[in-house]
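As they're listed, the protein sequences go chains A and B. Counting in this note's numbering, the first sequence runs from 1 upward without gaps. Counting in this note's numbering, the second sequence runs from 1 upward without gaps.
Derived from the structure by calculation, the hints contain no laboratory data. Treat the numbers as computed from the prediction; the structure is a model and nothing was measured. The beta carbon of each residue, even a glycine, is placed where N, CA and C say it ideally should be. Keep in mind that the hints are not guaranteed to be accurate.
Stated by the list, open to error - Which residues of chain A face chain B? A partial, calculated answer using Cβ under 7 Å:
1. L10
2. L73
3. A197
4. I201
5. S217
Stated by the list, open to error - To spell it out: a stretch of chain B is covered by chain A in this simulated footprint if at least three of its residues, at any positions, have a beta carbon under 8 Å from a beta carbon of chain A; those stretches are:
6. 14-20
7. 137-150
Claimed, not checked - Pairwise CB distance ranges (calculated):
8. L75(A) with I223(B): 47 to 53 Å
9. F188(A) with H258(B): 29 to 35 Å
10. V234(B) with L180(A): 38 to 44 Å
11. E60(B) with F188(A): 48 to 54 Å
12. A156(A) with F152(B): 19 to 25 Å
13. C252(B) with A249(A): 37 to 43 Å
14. L244(B) with Q145(A): 43 to 49 Å
15. M226(A) with G162(B): 40 to 46 Å
16. A10(B) with M226(A): 45 to 51 Å
17. I247(A) with S168(B): 36 to 42 Å
18. G130(B) with Y257(A): 29 to 35 Å
19. A250(A) with I223(B): 23 to 29 Å
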Amino acid sequence: MPEHLTASLLIALIGGVVDLDSTATWQFMISQPIVAAPLTGLFLGNMFGEAAAGLKLGLMVGTILQLIWIEQLPLGMNVPPDAALASVLSVALGFIAGHGYESYSEREVCYTIALLLAVALGLLGRSLDMFVRRLNTGIDAWVSQKVENNQLWAIAFGHTLGGMFTFTKAFIFCFLVVWLGVEPLRYFTSTLSFKHASGFIVVQGLLPAVGFSVLASMCIKDRREMRLFIGAIIVFTLLPAKIWLGIGAALLVIYRYGWRSAAK
Amino acid sequence: MRNLPRFMLAKIAFRSFFLQSSWNYRGMMNMGFLYAISPALDRLHAPGPAREAAYLRHLEYFNTNPYFASIVMGVTLALEERLSRGEITEDIIHDTKEGLMTACAAIGDGLFWDSWRPFVAAAALAFAFGNYLLTPLIFLALYNLPHLYFRFFGIFWGYREGTHIIRSLRQFQFPQIRQSLRYGTLVLLAYLVPNHVNLHTPFLLTNLPIEYFYFGEKVVQGIGALVLVSLGTVAYRARIDVLLISFLLMVCALVLYHWGILI
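All chains should be modelled from the sequences, with the hints used to inform the complete structure.
Shown next as structure tokens:
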């Protein structure tokens, strides 16, 4: 039990710091799933004496979540699902709950279910984010009033308070989810039959296709690009790496040359 | 004549990392903007009505790309300095700031969110699928090079150039950079799709001679992945939510697995 409590506190701390990066501060992109999930896996794995396993789980989870939410951005009024918290929680729940299992397939199923659960938690995280923004709106009104009365210190105070709200929200949310969520997840996984369980491993292998679809939608603008994309996929499927790398380099040179002559 | 020392501009660039700490629905990044430039305002305006007016002026609505905000801060401070010398009026600061934040939002969002981040993510994913454990560091190092460049140099640049900054921004040829990044992302994606969607069927094992099995498996995986991604793209362009697409894929995969078509 003390180990579980320590792990919950550690995850809450990581969640708080990572969530600050997603919008409130820095924006170094530590909050992107491809970074946040391996980071969580590394810290958690280190705590349980399995750093490499934690890091690998983090990479797997981070890859899938990065792909699923690749187009989600906090632009203007848009509040996207909280991919940072989803990444942290997915790794934390999967690792702690799967830690007790002996077999590979049981652990993999536990990871996949934690991943699916974390996607839903990411949506809940969005609602919490909107709540914090509403709180900040109240602070903004208060700060404006203070500045009008020439109390200029209020700006630094109000601004810092906003950052603290974000951290506290993520800290409490992560702590409660890990503290209360591990046992139900372990119970649910153990109730699945082996037949059902292996199906989830198939799902895990197919999920990247969703993210690839989103990325393709973002990048392909016309039919010509679509044809080129399909052609490139066929090349990458049929030919070994050395040949397609050579073809790619040649095409790039031709494209650059053609583009420059057309511009002239 | 410039009054603000380099150290102060660096301090403001550092404070700009906290631009969105108090993001709110009324003024968006207004408090963050004012918090960042407040040391310079304190230096430029004497205590009293002038300083209070400067603070109130920058508490109004502000929203732009966070990485390009430093440029807006630099230009705003150059104008504040001229205001303190009585060369311009408050309206000029208001209008310039508003125009510049819109332009920087358009350029910055298009460059960073729409092009650079997907490209770096696709490059990192290529490493991640290979279980390369340093992937997060590669992602962070690559992503933050232009980020930190604009954060730190943006403020010096904006302060030096003032309202001429838009002309200088053109030298970057952002549309061409964005197009190149888009093509780069597409090539990486074309590599990722057939290699990292794990689609296996038992029919090949039973029906194909063992010497052709590896090639057959690769072709089936490539075609299957292409079909899946095409369907996903059609669904996404039809504005079906990503999570719903994921859920449908999960259900289909479980059904196909149950029928023995996928393993």
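Now the hints, each set against the structure:
1. A hinted interface residue such as L10(A) counts as satisfied when its beta carbon comes closer than 7 Å to some beta carbon of chain B; here the least separation is about 18 Å, so the hint is violated.
2. Annotation: interface hint on L73(A) holds; nearest CB of chain B at approximately 5 Å, less than 7 Å.
3. This hint is violated: A197(A) has a C-beta 11 Å from the nearest C-beta of chain B, more than the 7 Å allowed.
4. Because the beta carbon of I201(A) sits about 9 Å from the nearest beta carbon in chain B, more than 7 Å, this interface hint is broken.
5. This hint holds: S217(A) has a C-beta 5 Å from the nearest C-beta of chain B, less than the 7 Å allowed.
6. Chain A is given as covering the segment 14-20 of chain B, and this holds because 3 residues of the stretch bring a CB closer than 8 Å to a CB of that chain, at least three being needed.
7. A count of 5 residues in the segment 137-150 of chain B with a Cβ less than 8 Å from any Cβ of chain A is obtained; the coverage claim is therefore met, three being the minimum.
8. A hinted range of 47 to 53 Å is violated for the C-beta pair L75(A) and I223(B), which are about 36 Å apart.
9. About 19 Å separates the C-beta atoms of F188(A) and H258(B), a value inconsistent with the hinted range of 29 to 35 Å.
10. Distance hint check: the CB atoms of V234(B) and L180(A) are about 40 Å apart, consistent with the given range 38 to 44 Å.
11. The hinted window of 48 to 54 Å between E60(B) and F188(A) holds, with their beta carbons roughly 51 Å apart.
12. With their beta carbons about 22 Å apart, A156(A) and F152(B) fall inside the hinted range of 19 to 25 Å.
13. Range check, C252(B) to A249(A): Cβ separation about 38 Å, and the 37 to 43 Å hint holds.
14. For L244(B) and Q145(A), the hinted distance range of 43 to 49 Å is satisfied, since their beta carbons lie about 44 Å from each other.
15. In this structure, M226(A) and G162(B) meet the distance hint of 40 to 46 Å, their C-beta atoms being roughly 45 Å apart.
16. A beta carbon spacing of about 47 Å between A10(B) and M226(A) agrees with the range 45 to 51 Å that was offered as a hint.
17. Distance hint check for I247(A) and S168(B): the Cβ-Cβ separation is about 39 Å, which falls inside the suggested range of 36 to 42 Å.
18. In this structure the hint that G130(B) and Y257(A) lie 29 to 35 Å apart at CB holds, the actual value being about 32 Å.
19. A hinted range of 23 to 29 Å for the beta carbons of A250(A) and I223(B) is consistent with their spacing of about 25 Å.
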